[in-house]
Amino acid sequence: MGNKIPSFLLTRSAPPVFKGRPEKVKWPFLEKGIHHVATLIKQGYAQWESSTRKGFFQGIDARIKVFFLFFFILVVSLKREISAEVAIGVFVFLLVWSSRLDLLRLYGKVFFLGFFFGFLVALPSALNAITPGEVILPLVKLSRSYHFWVYRIPADIGITRQGMEGVVMLTLRVMNSLSVSFLVLYSTPFHELIRALKILRAPDSFLLIVTLCYKYVFIFAKTVEELHLAKKARIVRPLRAAEAREWIVGRIAFIFRKTRLRCEEVFKAMLGRGFSDTLRFYGPTKITRRDWQTAIFLGAAGIAFLLL
Amino acid sequence: MERLIRLEHVSYRYHDQITALADVSLEISRGDNLAIVGANGSGKSTLLQIMAGLIHPTSGRFLFDGSLVSEESLREKSFLRTFRQSIGYVFQESDVQLFCPTVLDEVLYGPLQLEIPEAEAMSRAFEVMEMLRIEHLKDRPSFMLSGGEKKKVAIASVLTMNPEVLLLDEPTNGLDPKTQSFLVELMLALIEAGKTLVIGTHDLSLVDELRSTVAVLSEDHRVEKIGRTEEILSDEELLLKVNLIHEHVHRHGEAVHRHIHSHYLFHRHD
Numbered sequence: 001m002g003n004k005i006p007s008f009l010l011t012r013s014a015p016p017v018f019k020g021r022p023e024k025v026k027w028p029f030l031e032k033g034i035h036h037v038a039t040l041i042k043q044g045y046a047q048w049e050s051s052t053r054k055g056f057f058q059g060i061d062a063r064i065k066v067f068f069l070f071f072f073i074l075v076v077s078l079k080r081e082i083s084a085e086v087a088i089g090v091f092v093f094l095l096v097w098s099s100r101l102d103l104l105r106l107y108g109k110v111f112f113l114g115f116f117f118g119f120l121v122a123l124p125s126a127l128n129a130i131t132p133g134e135v136i137l138p139l140v141k142l143s144r145s146y147h148f149w150v151y152r153i154p155a156d157i158g159i160t161r162q163g164m165e166g167v168v169m170l171t172l173r174v175m176n177s178l179s180v181s182f183l184v185l186y187s188t189p190f191h192e193l194i195r196a197l198k199i200l201r202a203p204d205s206f207l208l209i210v211t212l213c214y215k216y217v218f219i220f221a222k223t224v225e226e227l228h229l230a231k232k233a234r235i236v237r238p239l240r241a242a243e244a245r246e247w248i249v250g251r252i253a254f255i256f257r258k259t260r261l262r263c264e265e266v267f268k269a270m271l272g273r274g275f276s277d278t279l280r281f282y283g284p285t286k287i288t289r290r291d292w293q294t295a296i297f298l299g300a301a302g303i304a305f306l307l308l
Numbered sequence: 309m310e311r312l313i314r315l316e317h318v319s320y321r322y323h324d325q326i327t328a329l330a331d332v333s334l335e336i337s338r339g340d341n342l343a344i345v346g347a348n349g350s351g352k353s354t355l356l357q358i359m360a361g362l363i364h365p366t367s368g369r370f371l372f373d374g375s376l377v378s379e380e381s382l383r384e385k386s387f388l389r390t391f392r393q394s395i396g397y398v399f400q401e402s403d404v405q406l407f408c409p410t411v412l413d414e415v416l417y418g419p420l421q422l423e424i425p426e427a428e429a430m431s432r433a434f435e436v437m438e439m440l441r442i443e444h445l446k447d448r449p450s451f452m453l454s455g456g457e458k459k460k461v462a463i464a465s466v467l468t469m470n471p472e473v474l475l476l477d478e479p480t481n482g483l484d485p486k487t488q489s490f491l492v493e494l495m496l497a498l499i500e501a502g503k504t505l506v507i508g509t510h511d512l513s514l515v516d517e518l519r520s521t522v523a524v525l526s527e528d529h530r531v532e533k534i535g536r537t538e539e540i541l542s543d544e545e546l547l548l549k550v551n552l553i554h555e556h557v558h559r560h561g562e563a564v565h566r567h568i569h570s571h572y573l574f575h576r577h578d
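Which chain is which? The protein sequence lines are H and W, in order.
With the first letter of the first sequence counted as 1, position 195 gets the number 195 in our numbering; the numbers rise by one all the way through.
With the first letter of the second sequence counted as 1, position 26 gets the number 334 in our numbering; the numbers rise by one all the way through.
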């Protein structure tokens, strides 16, 4: 082998000489995006870590938590008073706090999603063109009002008190529903959640899809991260956006092919271990006295909010 | 000898949660032949990826040829180019490393990135393919290659950049004996050619064949010992401690034997 080594490999490459100011590399947006996929795995670890921490909600049976989730989302949707929604929000916050979850991370997500899917979506309904009522903030003055089919655009367009109350109400509902969901999600290991849903008679096909998707997301994120590192190892200059796009298209094809193969392998492995069409779990754990007490407490709190 | 790679008290935690390396200090000189050995999960791949500048230590420093390698320093065009040209990293899973349409594109990718004139790049590509006996595969896409062929193409794609340091992660893992012995010969030839070779492996027979300096990683992710091959491989207590060999009980007819066992080095009955 020794005498077959190409001559260029026997020479040491001279380091490149650069003149002028040191230049910084600007990575294209797509490159950065790939790197951020890796944070998915981090979030997965964080969820697993927070769900196994010793806290109030982590100690409760998953079935009680799933009931709590559905019941409280119902309560949040039925309430029509802002004060009641605020009270529910405070109650959920106390549960989150007593479960020793990361308040900043959880409420960061709640506020972010609540702002986009609650506040921004509902904001146009605060205008008197949509919700008539007492104008508290005039915005635009037109020369006259307009009528179009069943709609009427008034000459003075502004935000109404009734409209704003509706926006606040919807935003609070979204935020409360999100915080209840995140509380259950971050305090329950994923497999416990699936078991609880199975016991509550969720369809097997749904559970199978959710379980496999959840696992696949991590495999996918790991593969993308490895692909990114492999590319990074051979990049000596910043890629042009077109090059980055070309690479990504190639890698999408690779992942698609790999996914298809993996899918077949997983299914064969499931068949090989006796899978027919039903998911079977080992027997459910016994619901303890503490679980029942917590269930009664949460149920009573929910009913109290309904009556508020 | 001139120090090329220097790791000072390097620690690394994945996702801020899982420790992969704890206070690792290591020095590698130009032309060294180092094997990092350890059980699965001891941090070999992480250590190699830090040396390749793909991930950066959570604490501690990594210096290459006297310059600090960090996320910040690799944002500088000149340093990025010098560093990537000098260090070639071959992944354990070749699949992720091969991203060009054909084998020829793959081996040309590095030299073209380095802006080496096309004729020279082409000559490098063919010389390396000839050395690795993969010339006949030049027009094939990577998904139509066997595991051994993929590994050879991955190595070729790095060699055409003529790196000073070659980092190979589990280079012989999952390959048939013929390809394994081919790669061992290749690694010996590259060492002889003056390349700095760093491999991460738990294959003690490979370490034995390469006669490397050996850095042993323990299961708590620290460097347990650094020494010559013969010194490390004869230290049964150390190898047992780091889980690279194990005690094995089995039956020969009526007799039950208990002995230290490694698939390659030890199979000694008392």
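Do not take every clue at face value.
Said to hold, decoys possible - Pairs of lysine-lysine residues, derived as BS3-like cross-links and limited to a Cα-Cα distance of at most 30 Å, are as follows:
(1) H:K26 to W:K385
(2) H:K258 to W:K446
(3) H:K258 to W:K385
(4) H:K258 to H:K24
(5) W:K446 to H:K4
(6) H:K4 to H:K54
(7) H:K232 to W:K385
(8) H:K222 to H:K24
(9) H:K222 to W:K385
(10) W:K385 to H:K24
(11) H:K232 to W:K446
(12) H:K4 to W:K385
(13) H:K54 to H:K222
(14) H:K26 to H:K54
No wet-lab data here; the hints were simulated from the structure.
Against the structure, the hints:
Proximity of H:K26 to W:K385 is assessed by CA-CA distance (about 9 Å); at most 30 Å being required, the pair is judged to hold. Straight-line distance between C-alpha atoms of H:K258 and W:K446 comes to about 22 Å, which keeps the hinted pair within the 30 Å bound. Straight-line distance between C-alpha atoms of H:K258 and W:K385 comes to about 34 Å, which puts the hinted pair past the 30 Å bound. Restraint check for H:K258 and H:K24: not satisfied, since their Cα atoms lie roughly 36 Å apart, outside the 30 Å limit.
Using a Cα cut-off of 30 Å, the hinted pair W:K446 and H:K4 holds, with the two alpha carbons roughly 19 Å apart. This hinted pair does not check out: H:K4 and H:K54 have alpha carbons roughly 63 Å apart, beyond 30 Å. Our distance criterion of 30 Å between C-alpha atoms is met by H:K232 and W:K385, whose separation comes to about 14 Å. With a C-alpha separation of about 28 Å, the suggested pair H:K222 and H:K24 falls inside the 30 Å cut-off, and the hint holds.
Between H:K222 and W:K385 the alpha-carbon distance is near 28 Å, which keeps this suggested pair within the 30 Å criterion. For the suggested pair W:K385 and H:K24, the alpha carbons sit about 6 Å apart, so the restraint of at most 30 Å is met. For the proposed pair H:K232 and W:K446, the alpha carbon gap of about 23 Å is at most 30 Å, so the pair holds. A hinted pair counts as satisfied when its Cα atoms are at most 30 Å apart, and H:K4 with W:K385 does not qualify at roughly 34 Å.
Between H:K54 and H:K222 the alpha-carbon distance is near 29 Å, which keeps this suggested pair within the 30 Å criterion. Of the pairs offered as hints, the one joining H:K26 and H:K54 is violated, with about 44 Å between alpha carbons and a cut-off of 30 Å exceeded.
Violated hints, in rising order: 3, 4, 6, 12, 14; the structure is consistent with all others.
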